[in-house]
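S.K.: So the chains spell out like this:
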Amino acid sequence: MPHRPSNATALGLRGFPVRPSSESPSASGRFLLGTTLTLAGFGLLSVYSASSYVAQQAGRPDTYYLFQQASRAGLGCFAMAIASVVDYRIYRRLAWPIMGIAALLLVPLVLPGTEAIAPEINGARRWLDLGLRIQPSELAKLAVVIWTAALAVKKQDQLGDFREGVLPFLVILTPVCLLILLEPHFSAAMWVAMLAGTVLFAAGARLAHFAALGSIVVVLAVTQVLTAQYRLRRVLAFLDPESAAGAAGYQLQQSLIAIGSGGLTGVGFGRSTTKMQFLPEPQNDFIFSIIAEEWGFLGVVLVIALFAIWSLLGFRIARAAPDLFGRLLATGITAGIALGAFAHIGIALGLLPTTGVNLPFVSAGGTNLVIALGSAGILLNVSSAGES
Amino acid sequence: MKPVKSPVSKRHTRRCRFMSLTVAVTAIGMTARAAQIQLLQADRWRQKSEIQTETHDTLPAARGGVFDRHGRPLAVSLEAFDAFFAAAESDDREGAVEQIAAIVDLDSRSERRLRAATGGWTSIGRVDGRIRALLEETIGSGVHFTPVVTRAYPEGDLARTLLGSVNENGRGRSGLELLFDSLLVGTEGRAVWKVDARGERYPVPEAGRSLPRPGRDVYLTIDLELQAIAEQALERALAETGSSGGDVLMVDPRTGELLAVASRRGDRNFGIPAFTDPYEPGSTVKPFLIATLLEEELATLDDRVDVENGEWRTAHRTIRDVHGYDSLSVAEVLLHSSNIGAAKLAARLDRGLQYAYLRDFGFGTPTGVRVPSESAGLLRRPGEWSAVSQASLAFGYEILTTSLQLAVAYGALANGGILMRPSLIREVRSPEGEATWRSEPEAVRRVIREDVADQVTRVLTWVVSEEGTGHRAALQTIPIAGKTGTARIASNGGYAERRYAASFVGFAPADDPKLVILTKLEDPKGQYYGGGIAAPVSRGVLQAMLAGEDAGLLDDTRETAGSASFAASGILGLNWLRPGDSAAPQGDHGARDRRSPSGASSPSVFRFATNGGGNGARHVPGFADERESDDVIVPDVVGMDLRAAVGRLYRVGLDVELYGSGEVVEQIPAPGTKAVRGASVILR
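One line per chain: the protein sequences are A and B, in this order.
If you use the working numbering, the first sequence corresponds to residues 1 to 388, in order.
If you use the working numbering, the second sequence corresponds to residues 389 to 1072, in order.
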């Protein structure tokens, strides 16, 4: 992997704080890299299988999504390579600009008159089309982690105090969450809040504050759920999937059919039937269901194990980081991936209400994949710093 | 750089461990949940998956064929398709409809509907395989076909009363189609498809697809030629005598096999009256009385009976004969069909004996021909008889018999005294052509000694002579034995005025009987004596057979329908009914082709060769009636041997009236004359 300075130089990164060559990633880092690449490779395979039918139905070649995903994975690996050699401490200095850019990208999604670059798709404006289609909320997740970690380091001594230590975070995070909520993208807003909370938790914020804020968030969330018909339906569908009417109940039902009919060893690669228009976005929101159908329980155990290993390695890297920012950054990034993976799997298994969540490294989806791989690169950089 | 060991870091390490633990617990929990779904509930979800992703088509199975004793098809199954046009799938809707109209013979209504169609499937109609291929080739997208099996009767109306018909589901509705339905019906196949959420279908090569299995083929004992002769003779007789109904049956007395069954009652189009409608037979039962007396040695043929000059008053009633005589021998009682003689002879019998013999000849019990609605007729027990019953039974009243029972009982006389169980099925074959059931001649019982049977036969041969009532059944060429009967028709508890059932039952050749022919005409207008109108019908039948027979009359009706003897030259080996027709399908009975299905993608897994198809076969390839050209040229038969001449004339579809024997010296009309098919040619 291009974690050596010569490579970085070759890539034109002169001037960036590149780590010395002696500081190669730790054992944890190497395992993390291996796990990441395994997941990404398995993802390519799964995306191909899950999407070939949908692609052909849309009059495209069966490999359409495979090649699209492969090019994004290439981009993601490039991002990972760069991130792994860029000293993570630079993010601490760039925390405010990063947060600013992320917040700015969210703004067109809620402004009227910007439909040209922020089109409404399926009743929500979640994508920004700037030649390259990106999902700003995905970017916001990483930005929030970086920014919260940076601010927590700065305020590490005041974290016990609500006004001095917690309120400043809320002042910035609340508008960001609101912007995402207005797209509307309820789950992403929750996500951002949870990531920030995780970083603060790792930084040592008081549990009483979490309890207080948590209950406020719960009240807000319940209000949100009750005021939006589709969210309410999803929750009801989650509570009673057998009898739930509408799209959410149907999706969950299809997901369970896919997973259940996989049995122990699966129906075999490429032989899923629920991908034949039964599951929506089979290569994306429900790719785990397709994997479970085609590879069976064995495949499920493998995927869950890979993510568990990845997360444990991430937390290990966090603990071994040389400074608090590195620890918090690594914790946040790891939490982001783990949250994504287990939310996706939990939704597929009917343990969480249905909402569109990508399976990191695996699901088709450009922004998510590039950012996930880039985040892994940051972790690798933290791990090589911690090793020395 | 050394790790910072600040309190914050320590707390961070603790909280990181907590999060690691959370991840581990979550992972284990989700694995457990997956195990629950995938290992414990797998069957349930798999079932749901199958329900939504698998669909199947029923593949219609060909109904088994019905064949005559020589393997000539009487009823066959043909593959056809219901064609539909899906307007929404067509790029050029109007052009497609134009092309459909050019290929398929559309009526104006369906054409209008097709032109107006914008979505869904619009019916084009029923087409055969050739039209299907043509439509698929020229139109391509937008036409759909669902396979159906249709029934066709290659011989047209021939034997149709007997064969019956099928309903719209291809199941038997009447006749033999209904009777043998469980044999003929095939086992439907199943084609499995994967279907996506939008209903699009994909064939699944490895799925449990089962091929349809055609039904079994039934080979009848019926002989196509004899059936044709019998039907033609019956039709003509009905027309000539004005009878409301009638039967012509042909039975092989040696085996009990039914060779021809022509049976009609007015316009009734169900059932086989010859099997199901019993009647009082009249004089045709007299031979059984004589046989009983001879068997029991209570009389000889030469015993004299006082027949009272044609009118005999008894304590209960007066019995009359048509012609009065002073006295008659027992043989003459039959010859002149004397009721008085029969009544007096019956008095010599113990009631029980008279009953037992009639019973033994099969009266009052079903013959066991395996037709469910077969009537047992009626023969009351002696205990129920009145003072006149013995006399009545002697000349055929107070007894009800079906034509079948009567013909079978005569079979016992012709067969040296052994009653055979009649049969209608010769063989049942699996779709692969193996015989799964074969009828064996089954003797019911010996009723009389062979010498008694011979004596009765001799008298019956005398009956069919210049001297007897049956003389109009006589032929120059072969001796015929038989008996006439003229019975009044019972109705409303009495006997109707001037309503009679005229019958003649005979067998030939009398010296070596191979065929029993029963003719019964019901309610004729004008002349009504069995000897006058029924006997000539039997003669006509025999003449027709004679004509078709090259190797001598009735040489061998025992020929098996085994695979080696499928050739159409049966006992009578004639094609004279259809001079223009090609030879009857041989061996593989052309219309059916049981090749195993080809083409895994095609839902239709069986194919038949389209029959004929020459006449631009539209819709179901019917068997176009090509044999109907009404006029024929009378051939020159002068100088020919009589038998050859008759054969020649019958072959072109002409009837024959014979005067004299030997060589033909004169024919009317003259050779080369145009004659209507079926007209008579007089030969001298």
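Worth flagging that the hints you see were computed from the coordinates, not collected in a lab.
Honestly, I wouldn't trust all of these hints.
Stated by the list, open to error - Within a straight-line C-alpha distance of at most 20 angstroms, the following computed EDC-like cross-link-like pairs (lysine to aspartate or glutamate) qualify:
#1 B:398 with A:62
#2 B:582 with B:445
#3 B:913 with B:445
#4 B:398 with A:323
#5 B:582 with A:62
#6 A:154 with A:164
S.K.: Out of the numbered hints, which ones does the structure contradict?
M.R.: Structure breaks hints 1, 3.
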